[in-house]
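Just so you know, the sequences run in chain order A and B. With our numbering, the residue at position 308 of the first sequence is 308, and numbering never jumps. With our numbering, the residue at position 41 of the second sequence is 41, and numbering never jumps.
The set of hints was computed from the structure by calculation and includes no laboratory data. Treat the hints with care, as some may be off.
[To be verified] Straight-line Cα separation of at most 20 Å, SDA-like style, residue types lysine to any residue; simulated pairs:
#1 B:Lys82 to A:Ala52
#2 B:Lys119 to B:Arg109
#3 B:Lys82 to A:Leu48
#4 B:Lys2 to A:Gly309
#5 B:Lys2 to A:Thr390
#6 B:Lys82 to A:Pro53
#7 A:Lys230 to A:Pro220
#8 B:Lys82 to A:Gly343
#9 B:Lys82 to A:Ala54
#10 A:Lys27 to A:Thr390
#11 B:Lys82 to B:Asp114
#12 A:Lys230 to A:Lys285
#13 B:Lys82 to A:Thr56
#14 A:Lys285 to A:Arg224
#15 B:Lys82 to A:Gly309
#16 B:Lys54 to B:Leu92
Listed here are the chains, written in short residue letters.
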Amino acid sequence: MLNLPLLLVQVAVILIVARLVGLLFRKIHQPQVMGEMVAGILLGPSLLGWVAPAVTLALFPPESLGYLNALSQIGLLLFMFLVGLELDPQILRGRGHAAVVTSHVSILAPFFLGTLLALFLYPRLSDDSVPYVHFALFLGIAMSITAFPVLARILTERNLLRTPLGSLTIACAAVDDVTGWCVLAGVVILVRADDGVMPLWLTLAGSAVYIVAMLFVIRPLLGRLETIYKQRGKLSHDVMAIIFLLVLVSGLITEWLGIHALFGAFLAGAIMPKNYRFVHTLTEKLEDVAVVLLLPLFFAFTGLRTSIGLISGAEMWFFCALIILVAIMGKFGGSTIAARVSGIPWREASALGILMNTRGLMELVVLNIGLEIGVLSPAMFTMMVIMALTTTFMTSPLLQRVYFGTFRPEETAVPVSKSISPEVPH
Amino acid sequence: MKAILHYLALVGLPILGILGLLQLGSSLQAPASIGGIWLLQPADAEVQNADCAKLFTETAVPTLLISQSGIFLQLTMNTTEKLTLTGRLTGLEVVAEADTAVFQATINRESEPDSLTGKLLIPPCTLSLTGLRQPELQTAIGGH
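Whenever a hint applies, use it, and build me the whole structure from the sequences.
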């Protein structure tokens, strides 16, 4: 039964801790989202549950977590919609050879190294309920993720968005995002088909019909929302209700198809009109609730699933270090080399590699899906969360050291797509 | 032409590599899946022993929660004072320890559902246990 006072206390505590830790991280020049992710870990068994287990049990009793999870999932749906909303195909136009090669390699290099690492980790950190192919593909895709929203935030804060480096990075990250989610959808379909939840043919046929309908039926209809917005100069409650319905129904369909509700929300955002003012107004309306209130609940729920105590002994910490090393080598190394081969100078190529190595909360989303579908074991999940935190944390200081020594971005500013608003979500 | 060659080398080779690795790993053997909740049945004679009588409360069904990450295990028992042990799975043998306790068990995967036979040693009590896996029961937080 719903214990409303407890739920309200949980949300309040999570919000306070997320804001405080986020503030602390901003003081050390880290993105707010980094602090909020760490806040989630602090509230879980890794710190609060370890120091004061009675407090954790009182604050987060297992029977109450279903409601917290439901709220966090609603927040994630809205967040994924915002991520899709921020994506604009215009970003890719005119980026040329370097963007194509770099974005493809920045997915494939970590994917390759992830599947290579799977050969070593599968007999040690998985079990026979998970086929090797599922484990390897999932590890590959988890290594390939780039946090498009965090990247956009970092580029904006560093005044890099309108530089050649910034526009190339954001184009690569956009391609990574779309490709990554498509591959992840494929892996989830594969896993769930094996579980017998739904026949594979039905999932594939249903997905094809759904995508075609979204692109060729719903998308043109959504153009009318933009027209209404232009006529009235604001997003009315009726228009907002239609948008919310689209997100929910799209999420429901992809969940029913056996992919995941988040894919539906993402695609709903991706097909929305990309007029700058429309996107900006819609983002402003949703961001406060989705990003400030609900997303920290997702971080807290992730933190409750993350138990650093599960990584015990030198052997497990070695595995964890190996995961981090491979993740960095694949993403940073792959992106840097591809950019260099495409004719970009070493310093810019390195900066691009550093930025693409940012995994942020998109990685947490992917990891939670991995845990839910049973591909990741609890310790493996924790190790991957540590990897996500490490790669996100290292971005700002490394960028400062490698790129900002002598370079002033204003000197080479070029225009980029207007749809990349300076107020992107996390 | 140079650009195409670069692209083929940087994109084509990793794709071939991934396909090769997926093929290579398909013969790998992962540890047996034993994670989840197990209902325990202590041996009657031993549980009435004065040393062991206080281990489990009379009202709660003795259960063992195994959180499995490959060969690495974390075991939690709902003993009177919650007992958490860490251990390993070697083949079908479980060995787990805490400061004052040792648990050893052999898993039988031929039975339906999976079963275990083992011993819990909390000096001065040594308790023989049998257990049945409850695959339908999931933990609230998820995982294996």
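Cross-check of the supplied hints:
no., hint, in the structure
1, B:Lys82 to A:Ala52, "holds (15 Å)"
2, B:Lys119 to B:Arg109, "holds (18 Å)"
3, B:Lys82 to A:Leu48, "holds (18 Å)"
4, B:Lys2 to A:Gly309, "violated (51 Å)"
5, B:Lys2 to A:Thr390, "violated (36 Å)"
6, B:Lys82 to A:Pro53, "holds (12 Å)"
7, A:Lys230 to A:Pro220, "holds (16 Å)"
8, B:Lys82 to A:Gly343, "violated (61 Å)"
9, B:Lys82 to A:Ala54, "holds (12 Å)"
10, A:Lys27 to A:Thr390, "holds (18 Å)"
11, B:Lys82 to B:Asp114, "violated (24 Å)"
12, A:Lys230 to A:Lys285, "holds (16 Å)"
13, B:Lys82 to A:Thr56, "holds (15 Å)"
14, A:Lys285 to A:Arg224, "holds (19 Å)"
15, B:Lys82 to A:Gly309, "holds (16 Å)"
16, B:Lys54 to B:Leu92, "violated (29 Å)"
In the structure shown, a violation is registered for the earlier hints numbered 4, 5, 8, 11 and 16, in ascending order.
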